[in-house]
Structures are given as structure tokens and as C-alpha cells.
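In terms of our numbering, the sequence shown is numbered consecutively and its last residue is 309.
What the hints contain is simulated information worked out from the structure, not anything from laboratory work. Given the structure is predicted, the values throughout are model-derived calculations rather than measurements. Glycine residues also receive a C-beta, built at the ideal position from the N, C-alpha and C atoms. Treat the hints loosely; a few may be bogus.
Claimed, not checked - Ranges of calculated distance between the beta carbons of each label pair, as one might list FRET restraints:
1. Glu72 to Glu124: 27 to 37 Å
2. Ser13 to Ala300: 24 to 34 Å
3. Arg126 to Leu221: 46 to 56 Å
4. Leu304 to Gly188: 19 to 29 Å
5. Asn66 to Glu277: 40 to 50 Å
6. Asn66 to Val189: 50 to 60 Å
7. Thr296 to Asp78: 28 to 38 Å
8. Val267 to Gly188: 19 to 29 Å
9. Asp78 to Glu39: 43 to 53 Å
10. Leu304 to Ala6: 18 to 28 Å
11. Phe291 to Glu84: 34 to 44 Å
Unchecked claim - List time: in silico DSBU-like cross-link candidates among lysine-lysine, alpha-carbon distance up to 35 Å:
12. Lys70 to Lys85
13. Lys20 to Lys63
14. Lys63 to Lys216
15. Lys293 to Lys20
16. Lys75 to Lys139
17. Lys70 to Lys87
18. Lys127 to Lys63
19. Lys151 to Lys216
20. Lys63 to Lys273
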Amino acid sequence: RISREADIPVNISHFKVLSKRFLDLCPKLIEMVNEAREEGLQVTADQYPYNASGTGLEAWIPKWANEGGKEELVKRLDTPEAYEKIKAGLAISMDDRGGPEAALISSYPLDGSLVGLNIAQVSETRKQDPLDCSLNLLKEHVAAIISGEIKGSFSIVNFNQTEENIERIMKQPWVAVGTDGRVHNPKGVLNKDIPAPHPRFYGTFPRVLGRYVREKHVITLEDAVRKMTSLPAQILGLGDRGILLPGNHADIVVFDPDTVIDRADFVPPESTKLFPEGILHLIVNGELTLFDKEHTGARAGHVLRRLPG
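Produce the complete structure using the sequences and hints provided.
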């Protein structure tokens, strides 16, 4: 509807189906996009190849509980009547997303020892109900943020999708590969405030090439490369990138299709930031940036802007 009425292209970012109530709807959602495209609408999507999403616990409680900011949230969690309503909302969300066992803590600045544990494990250690444990963790975190005691986020990796749906979506020609992540590095200034980030930060593209192309044959190598290059360039309006043509910018990844694979995993925490295997060389804007798996020191990247037209 947005594409039709506004007469604009629409991209569905990190297209997935989560929540056990909706897992069976994936074929219908794909059908809806295909019907829109047959109508002539420019509808595309991108996808990360993992069965877990990254989120914060604030997203699992009722929206009204977050209204007014962090101070108001803490006040509500300290009010018995509001607390019970928030807990009831969290119960629905948590059950829908796989339960406390499916919620893995990826960042908790107040206590780094909790990183890599799921809510069920933490609640057992604390001898608390998983819902109460979750809300106590949230309140402690938010209160410490307000006081300035800590910085950073209380982040969760949630296992809430099916492999069958991941493969269904990946097979669609209008779905590009994307990380839904951000710049991160195991050390230095790019070692952000998430000590155990979602492994998609480090493994998305080699995971598609190694697991879904070479091992599982879900898509072909040629189609995978298109989904990582020309298709996202087309979606973003980067007309002079994504295809090797005279006059285009030379952004080239040299990889070994027989060995390329992701190494980053969800646990233990230190494994979330492992670089992949099989990426040999990298050229950015015509400059050799990675040679024989080692960074050359070149920094040829710059802000990319959509071309007119």
C-alpha cells in the first residue's frame, strides 16, 4: 500500500517471520510481495541468515510502559499495579518468542558474567521466576543508566525463527543479503558497547556462501553474489556500484568458494566476534584493503549517496 499510494520503491528490512503465532504465515507473506511486484510495484527485501534476532527487553514489554522515558519506566516497575500489567505483557511476548530459554543475554553492563547466559539460567541462579528476573534485570539496568553508573545496553539475542522460513525467504529473487548489524571490531574504537554481539556482525555473508550455497544448496553461488552486490546496489540507488563495469567503482571481494565459512557463534561470548574463513583479498574503491587475509592499512571507503534518477 505504501509503495502504491506514495509511488515509491519499498524495501522490507531484515525480512523474517518470528513469533510462534505467525511462523506458518511465511508463504502468504511471500505471496503478497510477489503479487505486489506483478502489479508493477518496486518491492524488495533484505535478510540475515540466522534463526535469532537481536533486541532489547524494552521491546518485549507493553509500549505504554516505555512512555515518558527511562525515569517513568522505573517508576512503573516500582508501582505494584503497573508492574503486574507490565509482567503480563512480558509473559505474552516471552512465550511467543520461545520462552526464557530462547533469550540469550548479549550485553549487560552491570554484570558481565551474565553475558552468554539465557534468562532461564539467570533466573535459576537468582531463584526467581523468569518474568520477575527479567524485569528486575531491566529495572537495575535502567536505574544504573539514569544514575550515570554505567553506559551501554541490556541486549538480548532471541532464537525465534525457523530454518525452513529462512530458506523460503532466501530463495526469492527480490531478497538481498544484509546483516542488520553495524560496524564492530574485537578491539579498538570499534569495539562497541556490546561485548557479545549477534554473530551476524561478523558472519552474515560467508555464512550464506558457505552454508546455504556450498553445503545446503539453497541458492546458487551466482545468485548469492547477486544478492550481495548488484541487488542491494539497485535497492539503494547506487548505480555506479555492485557490478564490474568500466567506470564503476571497483569494490571487489576475493574469496575461496571451497572454504569460505562463518566462524562467529552465539556462545561462548568470545566466539561472537570471530572473523570468517576463506576471505582472501578485498579491494575498496580500487584500493587494495585486504591482502592475503591481512589489512593493508588502506582506508578508501567513504559515505555512499543515492544517485539521482
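Evaluation of the provided hints:
1. At about 31 Å, the CB distance of Glu72 to Glu124 agrees with the hint of 27 to 37 Å.
2. Taking the beta carbon of each, Ser13 and Ala300 are about 27 Å apart, inside 24 to 34 Å as hinted.
3. In this structure the supplied range 46 to 56 Å holds for Arg126 paired with Leu221, their Cβ-Cβ distance being about 48 Å.
4. At about 23 Å, the beta-carbon gap between Leu304 and Gly188 stays in the expected band of 19 to 29 Å.
5. For the pair Asn66 and Glu277, the supplied restraint of 40 to 50 Å holds, since their beta-carbon distance comes to about 41 Å.
6. Separation of Asn66 from Val189 is about 30 Å and departs from the stated range, judged on CB atoms against 50 to 60 Å.
7. The hinted window of 28 to 38 Å between Thr296 and Asp78 is violated, with their beta carbons roughly 54 Å apart.
8. Range check, Val267 to Gly188: about 24 Å between beta-carbon atoms, so the 19 to 29 Å window is met.
9. One distance hint, 43 to 53 Å for the beta-carbon pair Asp78 and Glu39, holds here, with the actual separation near 52 Å.
10. Distance hint check: the CB atoms of Leu304 and Ala6 are about 24 Å apart, consistent with the given range 18 to 28 Å.
11. Restraint check, Phe291 to Glu84: a C-beta distance of roughly 60 Å breaks the suggested window 34 to 44 Å.
12. Between Lys70 and Lys85 the CA atoms are separated by roughly 17 Å; this keeps the pair inside 35 Å, and the hint holds.
13. Distance restraint check for Lys20 and Lys63: the Cα-Cα separation of roughly 20 Å lies within the 35 Å cut-off, and the hinted pair is therefore satisfied.
14. Simply put, Lys63 and Lys216 have alpha-carbon atoms about 40 Å apart, too far for the 35 Å limit, and the pair is violated.
15. Between Lys293 and Lys20 the CA atoms are separated by roughly 41 Å; this puts the pair beyond 35 Å, and the hint is violated.
16. Annotation: proposed proximity of Lys75 to Lys139 holds, straight-line Cα distance about 9 Å (limit 35 Å).
17. At roughly 17 Å between alpha-carbon atoms, Lys70 and Lys87 fall within 35 Å of each other, so this suggested pair holds.
18. Restraint check: the Cα-Cα separation between Lys127 and Lys63 comes to about 28 Å, which is no more than 35 Å; the hinted pair holds.
19. A hinted pair counts as satisfied when its Cα atoms are at most 35 Å apart, and Lys151 with Lys216 does not qualify at roughly 41 Å.
20. As the CA atoms of Lys63 and Lys273 are separated by approximately 32 Å, the hinted pair is consistent with the 35 Å bound.
The earlier numbered hints that this structure contradicts are 6, 7, 11, 14, 15 and 19.
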